[in-house]
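S.K.: Each chain, written out:
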Amino acid sequence: MSPNNPPHPERWMKVCPEGLYVEPGGFYVDPLRPVERAVITHGHSDHARPGHAKVLATPGTLAIMRQRLGEGAGGFQQALEYGEAIRIGEVTVRLAPAGHVLGSAQVILEHAGSRVVVSGDYKRTFDRTCAPFEPVPCDVFITEATFGLPVFRHPPDLGEVRKLIHSLEIFPERTHVVGVYALGKCQRLITLLRAAGYDRPIYLHGALEPICTLYEGFGIALGELRPATVAAKEELKGALVLAPPAAVADRWARRLTDPVVAMASGWMRVRQRARQRGVELPLVISDHADWDELTQTLDDVGAPEVWVTHGREEALVHHATQRGIRARALALVGFEEEGA
Amino acid sequence: MNRFATLIDALVFMPSRNGKIRLLADFFSTTPDPDRGWALAALTEALTFNEAKPAAIRQLVAARTDPELFALSYDYVGDLAETVALIWPERHDRANSLPPSLPEVVDTLRAAKRSQVMDLVEGWLDTLDSSGRFALLKLITGSLRVGVSARLAKTALAELGKVDIGELEECWHGLTPPYLDLFAWLEGRSERPAAGHGAGFRPLMLSHPLEEEDRASLDPVDYSAEWKWDGIRVQLVSKGGERRIYSRTGDDVSGAFPDIVDHMSFDAVLDGELLVARREGEVASFNDLQQRLNRKAVTAKMLQEFPAWVRLYDILFDGDEDLRGLSFLERRARLERWYGEVQPRRMDLSPLVPFAGWAELESLRDNARENSIEGLMLKRRDSVYTAGRPKGPWFKWKRGALTLDTVLMYAQRGHGKRSSYYSDFTFGVWRGDELVPVGKAYFGFTDAELVELDRWVRNKTVRKYGPVREVEPGLVLEVAFDSVHPSTRHKSGLAMRFPRVHRIRWDKPAGEADRLETLQKMVVV
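Protein chains in written order, with the working numbering: chain A, 1 to 340; chain B, 1 to 525.
Simulated from the structure, these hints should not be mistaken for lab results.
Partner residues are not named here, just some residues of chain B that face chain A (Cβ under 8 Å, in silico): (1) 12; (2) 14; (3) 76; (4) 79.
Cβ-Cβ distance ranges computed for the label pairs, FRET-style: (5) A/7 with B/433: 41 to 51 Å; (6) B/114 with A/10: 46 to 56 Å; (7) A/257 with B/400: 42 to 52 Å.
Computed, partial: chain B to chain A, Cβ under 7 Å: (8) 15; (9) 72; (10) 82.
Just so you know, even glycine gets a beta-carbon here, dropped at the ideal spot from N, CA and C.
Bound conformation, chain A alone:
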């Protein structure tokens, strides 16, 4: 095998029913089914699934997996810090920050003279709760495309948070319930609120507490948090309650006094999406790259070839092709659109 003429990564990376398979290393990245050996990009449940025999991930991701999956987090868990290299079979593996949630990583794969980067989910916006995305030059860049359409442009996140604080000022008697995903969005929103000067206690639905505690253990300050479930109705008037999206639409939120239903998600950019979910106060805050960040990232990594995993692949493939980048969609299924 000559380094001058390395085998095309297509020959050693395969899409299998279990997920993305790295043949010369004998492992999968974010597999959908239990496998012998898995490298996990981050702790969201559609990427970090239970039941693998061996799991490699950042210490943050492993901590999240242990908390969420218990024994299912993997028979043998191996932590790899950002920037450290490890050899698996004939592949050198490194992890680089993806800026998505705490512990989230891009997987850098080097084999026979070429380099492939699996970005996992990522964003480029500044986020106090995780290390910022690091562009890594490569031969093939594998990207998500959750918001891969030019209609998705996330506005500045502090502006969105100020909308929420403003609404709390105008409706001081109404409880504001914000739908947030338990891992990542919840903690990021709290740090944004604190940065915007909101220093009152923030009430949490029970499902959000464990991950917040975990984040605090990693040194991320979240200010005063209180359980919403035990709080008196009177105490919650004019208060801010965070809850998983499903609970917001549910009876759980209805026991509150005339609640303002808000949702923090990139999907809120499209009015009809917000409307479908019965959201009165949409907050466009996302942990995924928007269109500009996706296209900027393609420029930054400078890969001559791009594979698009999940989301709105067609548009990003089209854009890349227009720019002279070889691009194709990987037919990967099983990744959720939620959590965005």
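Dock chain B against the given chain A, drawing on the hints supplied.
M.R.: This is chain B only, laid out in the frame that chain A set:
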């Protein structure tokens, strides 16, 4: 424009009807004339200017964006105005220009020539933010579609002015934007404006579905029954030489039915069902009627092949005499007398259906399988003609639906509330060992089921044809429909009336879905 855009956004996001009324009432009470009047006109679709055609807006955006990316975005978002509002590339050099006010936009557009409209729009789009762009685009295409009916806007106005909505409806058709006299009346600064002109629309009286529990509390002696015809509800107005046919929402559809207008040489306001007749008085299927709907002009061939017919069931005005205060039985007698005297062509009377009790009526309803009958109407004999949908005087009692187990074949993204979800489903049944499509349904499922259907479609797509996804034949939809008719437009040779998803049979193997022969047996000619 900003206040209007904020209102539009808030309305889009407000899920409850009462919340919308509150938002509207608040807007009307805090926004000055003439801004609020123009906003009201926009909401009730009463604005007239050289509207921008969707094609022109596409052209505008095409000059600023990649066409492929725009097409994909539009397919995803499902609404042209929203797509353009979101995708429009902002020009930073215009960021400090002042966005136009709503009256300025309306006045400018009313004065503008058709050829100038798109230039104006382009300039405004550059100065507005995405909410403002959305509102402007909705406005200039002539349809806001923000979940506010004219009726809802009027309800908010009635609440604001603490007046009866019937009173407001009565004068509504005489009013013109920006409604200065209306707001003056609502704010107690002047008398109620004069009632609408003679040939205006009179708000219709509507019915409630008859529920099991209603029946127990109703005495059949108090009600008259009529067939519920499977056509479209119309109001015929012929006053002072003007002739109009209005749809149930008050849209003027006279242009599509000259064969009825020709025979309206009387002075009255009538309520009835528009149908297509095969021969004098013999009603054809709704399919045939559909050939005549949604057309601005109608060809001689169509007039001959699908002649329109009106089956009358109520009279609101006889000459200048307002009969709406009379009881149903008195109005019925007046209608019969009027019909006997005038003998209008292309019209007949919807007969009363005599019955002794609920059981007999139910059996009449279930045995009526004629194409043109949807079920029964029950009208309280002593009820006066009231605008709107009062509960109690009128009930509709539809006959039971037919059902069929079908296999999902194709899916397409929906529009409006369902945009960006795969929510338009084409389903088929087995003919030999192939599936043939027999219909399309886009409702009948809950929002939660829609999310699951959407996911199923995304994961089971085998082929894409533009916006249409073909899925593997693996999901059984139990479809309910009112009737089925022969059709030359469909490959299966059949067309369903009013199909909807009754149940999603996640449990049922596709091979066990129904066969075409089963559906053929359900055809009633």
